[in-house]
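Trainee: Spelled out, the chains give:
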Amino acid sequence: MPTTRATADRSAARTLLRLWPYVRPVRARLLTAASVAVVASCTGLVIPLVLKWLVDGPVADRDPAGVWLGALYLLLLGIVEAVLFGIRRWLVARPLSHVEAEMRAGLYRHLQRLPVAFHDRWASGQLLSRGTTDLMLVRMFLAFPLTFLLVNGVTILVGLVIMLMQDWALGLVILGPALPVMWTCVVFERRYAEVARRAQDQVGDLTTLVEESVLGIRIVKGFGRHRSQARAFRALAGRLRGTELRKARLLAVIWGVIVTLPEVAIGAALVLGTVRVADGDLSAGTLVAFLSTALALRWPVDSIGFLLAMSQEAATATERYFEVMDEAPEEPRTGDAPAGTATAPADAPAAAGLRFENVRFRYPDAPPGSAPLLARVDLHVRPGESMALVGATGSGKTTLTALVPRLHEVTSGRITLDGVDIRAMSREELRTRVAVAFEEPTLFSASVGENVLMGAPDGAGKPELDRALGIAQADFAHALPQGTDTRVGEQGLSLSGGQRQRLALARAVVGRPEFLVLDDPLSALDVHTEAAVEAALRRVLADTTALIVAHRPSTVLLADRVALLSGGRIAAVGTHQELLRHNAEYAHLMSGAQEDSR
Amino acid sequence: MTTTTASTPAVADDEPGRPQDTGDPFDRDVLPTPPGATAGLLRSLLAPMKARVALTTLLLLLQQAAVQTGPLLVAYALDTAVPAFRDHRHGPLFAVAAGYLLCALASGALQIAFIETSARVSQDVLLDLRGRIFRHAQALSVDFHERYTSGRLISRSTTDVESLRELLNEGLQELVTVVLSFVYISAMLLWLDLGLGAVAVASFVPLYLLVRLYQRRAGRVFRARSTAIAAVIVKFVETMNGIRPVRAFRRETANEADFAALNRRHERTNGDALLEMARYVVGSRLVANTAVAAIVLWGAHRVATGSLELGVLAAAVLYLRRLYDPIDRLGMFLNSYQSAAASLEKIAGLLAQTPSVPEPTAPKELPPLAGEFPGREVVFDGVRFAYRTGGEVLPRFGLTLPAGQTVAVVGSTGAGKSTLAKLLARFYDPSDGRVLLDGVDLRELSMSELRRGVVMVTQEAFLFSGTVADNIAIGRPDATREEIERAAKAIGAHEFISALPDGYDTDVRKRGGRISAGQRQLVAFARALLADPAVLILDEATSSLDIPGERAVQRAMSTVLRGRTAVVIAHRLSTVEIADRVLVMEHGRIVEDGRPDELIAGTGRFADLHRAWRDSLA
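If you read the sequences in order, they're chains A and B.
Take the position in the first sequence, starting the count at 1, then add 117; the result is the number in our numbering.
Take the position in the second sequence, starting the count at 1, then add 42; the result is the number in our numbering.
It should be emphasised that the hints constitute simulated quantities derived from the structure, not laboratory data.
Heads up, a few of these hints could be off.
The list that follows gives simulated cross-link-like pairs (lysine to aspartate or glutamate, DMTMM-like), each with its CA atoms no further than 25 Å apart [to be verified]:
#, chain 1, residue 1, chain 2, residue 2
1, A, LYS579, A, GLU567
2, B, LYS92, B, ASP121
3, B, LYS406, B, GLU419
4, B, LYS406, B, GLU486
5, B, LYS406, B, ASP480
6, A, LYS579, B, GLU294
7, A, LYS579, B, ASP300
8, B, LYS531, A, GLU702
9, B, LYS406, B, GLU491
Work the whole structure out from these sequences, hints included.
Mentor: Printed below as a string of structure tokens:
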């Protein structure tokens with residue numbers, strides 16, 4: 118399962134480096150912004166020096182003019198600091214949202230091109246949480262930790278140098294806790310990574326549960342299961358809470374260390390400094406400036422804890438993102454199709470039409486050693502012929518139809534269209550020539566017209582739409598509130614199953630495809646509508662090469678011939694009447710009579 | 043039809059400030075939020091946490107006290123310990139050392155305690171909120187879900203909750219720290235020197251105005267951003283759930299263009315939000331740094347003229363640095379507050395939707411079964427139904443289904459068969475009239491009681507992630523494995539389930555990707571059998587089965603349905619063979635009602651249908 122991938126042995130830094138290609142286009146901006154931030158932060162460090170000068174100089178000398186000058190310097194430095202910090206944010210605001218958007222678009226693009234088998238395996242909630250929450254974490258990392266780990270590091274170094282220059286003994290005291298703090302950070306990073314990853318995966322699982330309980334709302338309601346769904350949700354959300362609390366505990370410890378140790382060091386420096394001021398080794402101004410610098414470094418030091426935590430979460434998010442991005446997309450063409458077949462003469466009668474040759478298929482993620490779903494399929498649908506595909510529930514009919522538009526790839530053997538191996542053409546071309554209607558008629562959030570015209574070449578308009586709606590007996594679309602411009606919601610939920618099925622059918626026939634694959638296209642229609650659709654379909658099918666999955670005699674009768682799929686093979690091919698008479702299994706499937714010969 | 047070209051892309055619909063071509067709040071993802079609902083929601087979430095919120099505040103109060111003592115000790119060291127040390131009195135110095143160590147340790151320990159308690163508070167609030175959204179979404183009726191896309195619901199319970207998480211995790215701490223350090227430091231400054239303190243306090247006025255300005259401007263931007271990300275999510279979810287048709291119809295490029303437009307809008311609003319923040323940071327820093335310069339000028343002047351001690355100035359300057367340090371963090375807080383407020387507003391809008399099919403406040407129980415059979419009598423008493431959006435679907439009608447009767451409902455698509463079923467399953471409530479089960483109005487039954495009474499199997503057989511057994515057990519969660527298998531066997535599903543890699547324990551993965559539509563319907567049937575209801579509704583529940591499968595189901599039904607009241611909707615008239623009674627519906631009305639053999643022998647619509655169906659079997 119993708120949710121429980123091990124996180125061992127990987128460094129956050131190496132993972133985050135993978136973001137480089139996305140950051141590259143904005144690197145100049147980001148670098149400028151970081152430099153600006155370093156300058157701004159160091160400007161802040163100069164302020165205590167001005168204070169020192171002010172205390173030891175004009176104040177001690179009782180020089181009001183010098184005091185004015187000092188205050189003026191402070192004001193100027195303050196303005197510079199403020200403007201520089203503003204510039205930093207202004208520099209990165211647009212580019213960083215752009216990086217986030219680019220990564221999201223990249224993910225979407227990639228997901229659309231990943232094999233269908235990938236989508237079977239991954240819950241869309243997990244994919245969605247990668248495209249939203251995880252990318253937000255990455256953007257926040259680029260905005261803060263990336264810049265501020267650098268800026269604060271430089272600030273701390275410069276601050277330490279300033280302090281050492283003012284008084285090296287006091288400076289060394291301040292440096293004291295550096296090592297234990299760093300050690301804590303390293304230990305923390307490792308532990309936090311694990312917990313952060315778990316939390317993010319649990320968010321993904323929670324998203325999946327939410328999604329399923331919305332999509333399956335009718336079942337949840339139909340069985341009054343909303344309480345047990347809520348319990349399952351509560352359990353999952355409770356686990357997430359536990360993980361988040363562990364995260365908080367880890368964070369608390371590192372914060373505690375990062376807050377306490379430097380503060381102890383400052384206290385020590387104060388005591389030592391006081392003694393030396395009393396002894397006259399040190400000016401009061403130096404001590405004030407020194408402590409002021411030390412305090413100015415407080416935020417940079419304190420912030421390391423949460424900056425590291427954010428980086429860690431971003432690293433986990435990046436890892437999750439690339440888990441999906443590293444999956445190989447469908448290749449444009451496989452190229453292992455023998456070159457000769459690609460150029461086979463299309464007019465050779467033996468090759469024309471849709472042909473399955475020795476096709477074998479097993480799901481790539483099927484348990485090893487299990488029998489292939491399709492063992493050896495040989496079938497020839499002649500040009501202009503329509504072939505019904507009949508088989509028992511679960512015999513692989515739907516899988517077989519999915520092989521034609523290459524939603525899945527054959528394991529061995531080949532499928533040819535007019536003699537050309539489908540793997541030798543681009544998917545784009547293949548899917549233009551082959552139109553499909555699935556048994557689950559999915560409609561998209563768009564108007565009825567747009568949904569149907571998806572199946573048509575560009576530039577198709579109202580005449581094509583009306584024709585297709587006519588064939589599919591989907592004229593109800595004209596009676597919708599805004600006619601064919603009516604938006605059908607996500608998954609077209611506001612339409613009945615039969616209505617959706619007819620629109621899906623219209624979508625399949627609107628482009629007048631050469632090859633038509635219909636998977637049980639009339640299952641949700643009533644007898645009258647079915648008869649009307651069949652009559653219209655017959656006209657379409659007269660000159661279309663079609664493969665139609667059928668459960669019922671009425672659908673079978675649409676076809677010229679019937680193929681019986683059984684045991685992973687085509688067991689028989691013939692007309693309905695022939696098979697009904699001579700094939701016991703077929704007769705059983707079509708009449709439902711109890712046959713002993715099964 | 044005047045418009046033939048594709049309507050405006052979805053992107054334009056949500057653009058704030060643009061005239062809307064449709065007034066439907068569902069289309070624009072802005073459900074009305076009643077005034078005060080957002081604040082009320084936040085209050086009700088925090089109310090049970092009062093004690094713990096007080097504790098975290100106390101911890102933070104003490105922690106800040108420990109942290110803010112530092113500069114005071116510096117002043118003491120400079121003004122008292124130094125002269126004392128010169129006089130060989132070491133007491134004050136020890137006091138400084140001990141005090142500083144104590145403060146350091148205390149602030150560390152308190153920090154740890156604070157983070158842990160506040161994490162607990164925020165996680166509990168989130169758990170509560172997540173649960174509320176989930177339960178409420180589940181309680182809302184089916185017609186709500188038909189209009190509120192699942193992507194939006196997901197975005198409510200993920201990204202919107204996430205922004206509240208940010209507020210609670212980081213924001214609240216920021217706020218309390220900021221407020222506390224403002225109060226502490228102002229007090230300290232006032233105590234050290236009234237004049238200097240007054241200047242510092244005066245600087246709060248422009249800061250306050252700045253914060254107000256930012257809040258107003260950012261609020262708008264954040265609302266737009268929340269809408270934008272929801273639109274992105276809707277598109278994303280839709281594409282991933284419909285990946286097969288996306289592929290088969292080469293929608294990839296067109297989808298990318300749509301997605302790019304939505305994504306760009308989010309990018310723009312996101313950038314706007316970040317820029318708004320940049321403006322705020324510049325403004326607040328300017329005010330802060332100017333105030334520091336002014337205070338130093340005045341303080342140094344007074345030290346120079348001898349009316350102020352050096353130590354006091356030093357402490358004041360150190361405090362000032364700290365006073366304005368948290369301003370950025372205040373910005374971050376406002377940031378997360380604004381974004382959380384925008385999200386909470388949407389969540390509150392969702393939670394304010396009242397279920398159109400509410401659970402009764404004082405539920406009644408069904409009377410004990412009269413006979414040995416599980417069936418109950420169903421009465422539609424003067425029922426009329428129209429969708430809220432208009433359009434009457436079922437004109438007023440009355441209908442009685444005696445206990446134990448199996449009724450087939452036939453008619454063309456859109457005749458109102460499914461609506462009738464949904465009224466009986468109480469997916470909808472009638473606009474007028476009542477639906478009675480053994481004399482009790484469905485609206486008076488609790489959900490659990492209702493589901494013991496009525497269960498509906500629909501044609502879309504959705505599988506939840508989990509095992510096949512889990513999916514069947516939805517019918518009755520406490521069922522044993524034997525009962526589950528018995529149900530599967532009765533319906534003819536046992537064979538294919540046993541052939542799966544792990545049998546009943548096979549994970550159906552993502553929505554049953556590898557289980558065919560027919561097999562899913564069998565699972566759905568097994569689920570219904572297991573539920574063992576008094577009234578069973580089958581809405582096109584066998585549409586994807588092959589004929590032997592359908593026969594097997596029917597054989598099972600004839601035993602299973604015995605004594606049960608059943609409503610069967612099917613296009614395949616084979617169902618009628620097991621029915622005691624047939625209703626023919628047309629345009630929302632029941633046009634024929636009688637025993638199947640009587641109707642077949644007659645000359646009505648059913649006789650027609652039946653003839654057509656027989657012919658189709660040829």
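Trainee: Each of the hints needs a verdict: does it hold here or not?
Mentor: Evaluation of the provided hints:
1. A hinted pair counts as satisfied when its Cα atoms are at most 25 Å apart, and LYS579 of chain A with GLU567 of chain A qualifies at roughly 11 Å.
2. At roughly 43 Å between alpha-carbon atoms, LYS92 of chain B and ASP121 of chain B are farther apart than 25 Å, so this suggested pair is violated.
3. Distance restraint check for LYS406 of chain B and GLU419 of chain B: the Cα-Cα separation of roughly 16 Å lies within the 25 Å cut-off, and the hinted pair is therefore satisfied.
4. Between the alpha carbons of LYS406 of chain B and GLU486 of chain B the distance comes to roughly 6 Å, so the proposed pair stays at or under 25 Å and holds.
5. Restraint check for LYS406 of chain B and ASP480 of chain B: satisfied, since their Cα atoms lie roughly 12 Å apart, inside the 25 Å limit.
6. Restraint check for LYS579 of chain A and GLU294 of chain B: the C-alpha separation of about 23 Å stays at or below 25 Å, so the hint holds.
7. Among the hinted pairs, LYS579 of chain A with ASP300 of chain B is consistent with the structure: their alpha-carbon atoms are about 22 Å apart, no more than 25 Å.
8. Distance hint between LYS531 of chain B and GLU702 of chain A is fulfilled; the C-alpha atoms sit about 22 Å from each other, no more than 25 Å.
9. Using a Cα cut-off of 25 Å, the hinted pair LYS406 of chain B and GLU491 of chain B holds, with the two alpha carbons roughly 9 Å apart.
Checked against the numbered hints above, the structure violates only hint 2.
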